[in-house]
Amino acid sequence: MDEMIICRCEEIPLKTIRKTVQEGACTIREVKLQTRAGMGICQGRTCRPLVEKLLPSEKEQAAVYQISGYRLPVRPLLLQDFFKE
Amino acid sequence: MQNDLIIIGAGPAGLSAAIQAASYGAKVTVVDETPYPGGKLLGQLYEEPKKGMWIGGEIAKKLYSQAVDLGVTFLFEREVWSIFPTWKVSLNNHQDLRAPNVLLATGAAERPIPIPGWTIPGVMAVGAAQVLCNLQRVRPGKRVLIVGVDILSLTIARELQWAGVDVVGMVLPPPSPFSGQKADPRFHLAALSNMSHLAPSPILRMAGNLAKAVPVNQAARFYPRKGVKIWDIPLMLRKAAIEIQGRDEVERVILADVTVEGEILNHQTQSIEVDCVCISGGLYPLAELAALAGCPFVNLPELGGQIPLHSAQLETLLPGLYVAGNITGIEGAKVAMAQGELAALSIIGRLQNNLEKMAPLIEEAMQKVKRVREEASISFHPEIVLGRRKMQALWEETLTSQSAQ
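Protein sequences appear in the order of chains A and B.
Mapping of the first sequence onto this note's numbering: position 53 corresponds to residue 53, and the numbering continues sequentially without gaps.
One gets this note's numbering by counting positions in the second sequence from 1 and adding 1000 to each.
Heads up, some of the hints might be wrong.
Here are the in silico distance ranges between beta carbons for each label pair [said to hold, decoys possible]:
1. A:Tyr65 - B:Gln1270: 21 to 29 Å
2. B:Glu1077 - A:Leu79: 43 to 51 Å
3. A:Leu78 - B:Glu1261: 29 to 37 Å
4. B:Glu1261 - A:Lys15: 48 to 56 Å
5. A:Gln22 - B:Arg1389: 32 to 40 Å
6. A:Leu79 - B:Asn1353: 51 to 59 Å
7. A:Met1 - B:Asn1353: 38 to 46 Å
8. A:Gln61 - B:Lys1370: 52 to 60 Å
9. A:Phe82 - B:Pro1100: 42 to 50 Å
10. B:Arg1137 - A:Phe82: 32 to 40 Å
11. B:Gln1218 - A:Arg36: 29 to 37 Å
It is worth saying that the hints were derived from the structure and are not from the lab.
Values in this document were obtained by computation on a predicted structure and should not be read as measured data.
A virtual CB, placed ideally from N, CA and C, is assigned to each residue, including glycine.
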């Protein structure tokens, strides 16, 4: 189970994500910066719900909150699409 | 051309909203990342008790031609990479669309359940198998095992069988942080008892009724190890797929017996030869654009996860940003269509600056959503009504605390 891939795009196994969480990563963003999980072509559409399950549960999450960890562009984009002439 | 409304997603919610809004004279543009209108309608094919076949592809065609007749503009194969208040919608071909109103009808994505070997070619999400089979007309495999038992995977098992695929069985995923209840036989028997009115096999109906009559623990213990056949497909609620194996593609799956609670019995395993595995982990609302826009969220498992806070009229807290369909909670296409109509009426009320005039129509559309929900023969989350009520309460609380500030 430990060797099982969690982020398919970047080929990050379960053990790497678990280790990062044990070392103190508490958010999707922290796990991403440490391991690259969620930085591949699908931008976390597959692994984000999985990584969320591995994070320590927040003790006092407000009922209504701002969701973090999403960045534009939310789809893979050619640079030429990004910069207009 | 100046748009009044941009709709993101041409599925059941988006198409219905486009028709409704355009029928009031609104200038509407619909954007979709796929080449065809219809979204998830396109794969849907199932028999409804007393109503006959639901052929999603035909519904999609009808809705699309209605929308086109009303002058709705469609942009296909265009990905929205961000939205900016109030409102610019950025597409992947240099194009920016502008409108005072945006409707997010982006639907849902599949929640994966990883199991060892799930990245081997030939393993796919059950929804991918549905698209391959019903839309692309390609069989995902010759011998398919389905991992994960729910209303979606049951429906798709039937569709694969109609397409000539040998569905060798349906089993549970192994227990893990990712599978949760889906690895628990007791949870499935309880779920089956809620669907026993449409169970296609008398034995399954019996299993469902049994689960109603005796504690679920005992029903799970009673459930035969080799499974109960449903359309000739063994539904094995006492077995889990613990590993998928194969060198370059799927060759076999290792199954293990599980206890009533779903724990693996390692000494009781068997190998089953297949060339394709479909994993069903359920759906979650696809709401990344709402997150980018700065929309507040709530977490309601009854509705499928993290959802943008919205009112019963389907407005969000951001002026001009609306939601409809599975982004508001995982339900069937008919509910999504009724929600699309409702969101469009809310938007028309805002556009014409006359919510009062629209109020009776909006009220009627809200009642229709409720009615369609009640009449739905299947629901993805049995507690959907509770989830909707919680959403409504959180919306009202938030408005009250905002006006107090």
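Hints and how they fare:
Tyrosine 65 of chain A and glutamine 1270 of chain B have their C-beta atoms about 46 Å apart, which leaves the hinted 21 to 29 Å range violated. Take glutamate 1077 of chain B and leucine 79 of chain A: their Cβ atoms lie about 19 Å apart, and the range 43 to 51 Å is violated. For leucine 78 of chain A paired with glutamate 1261 of chain B, a C-beta distance near 50 Å fails the hint of 29 to 37 Å. Evaluation of the 48 to 56 Å hint for glutamate 1261 of chain B and lysine 15 of chain A yields a failure: the beta carbon distance comes to about 26 Å.
Separated by about 39 Å at the C-beta atoms, glutamine 22 of chain A and arginine 1389 of chain B satisfy the suggested range of 32 to 40 Å. One distance hint, 51 to 59 Å for the beta-carbon pair leucine 79 of chain A and asparagine 1353 of chain B, is violated here, with the actual separation near 41 Å. Here the CB-CB span from methionine 1 of chain A to asparagine 1353 of chain B is close to 58 Å, at odds with the stated 38 to 46 Å. The supplied range of 52 to 60 Å is broken by glutamine 61 of chain A and lysine 1370 of chain B, whose beta-carbon atoms lie about 29 Å from each other.
At roughly 25 Å, the beta carbons of phenylalanine 82 of chain A and proline 1100 of chain B sit outside the given window of 42 to 50 Å. Look at arginine 1137 of chain B against phenylalanine 82 of chain A: about 36 Å separates their beta carbons, and that is inside 32 to 40 Å. Checked against the hint of 29 to 37 Å, the pair glutamine 1218 of chain B and arginine 36 of chain A fails, with Cβ atoms roughly 48 Å apart.
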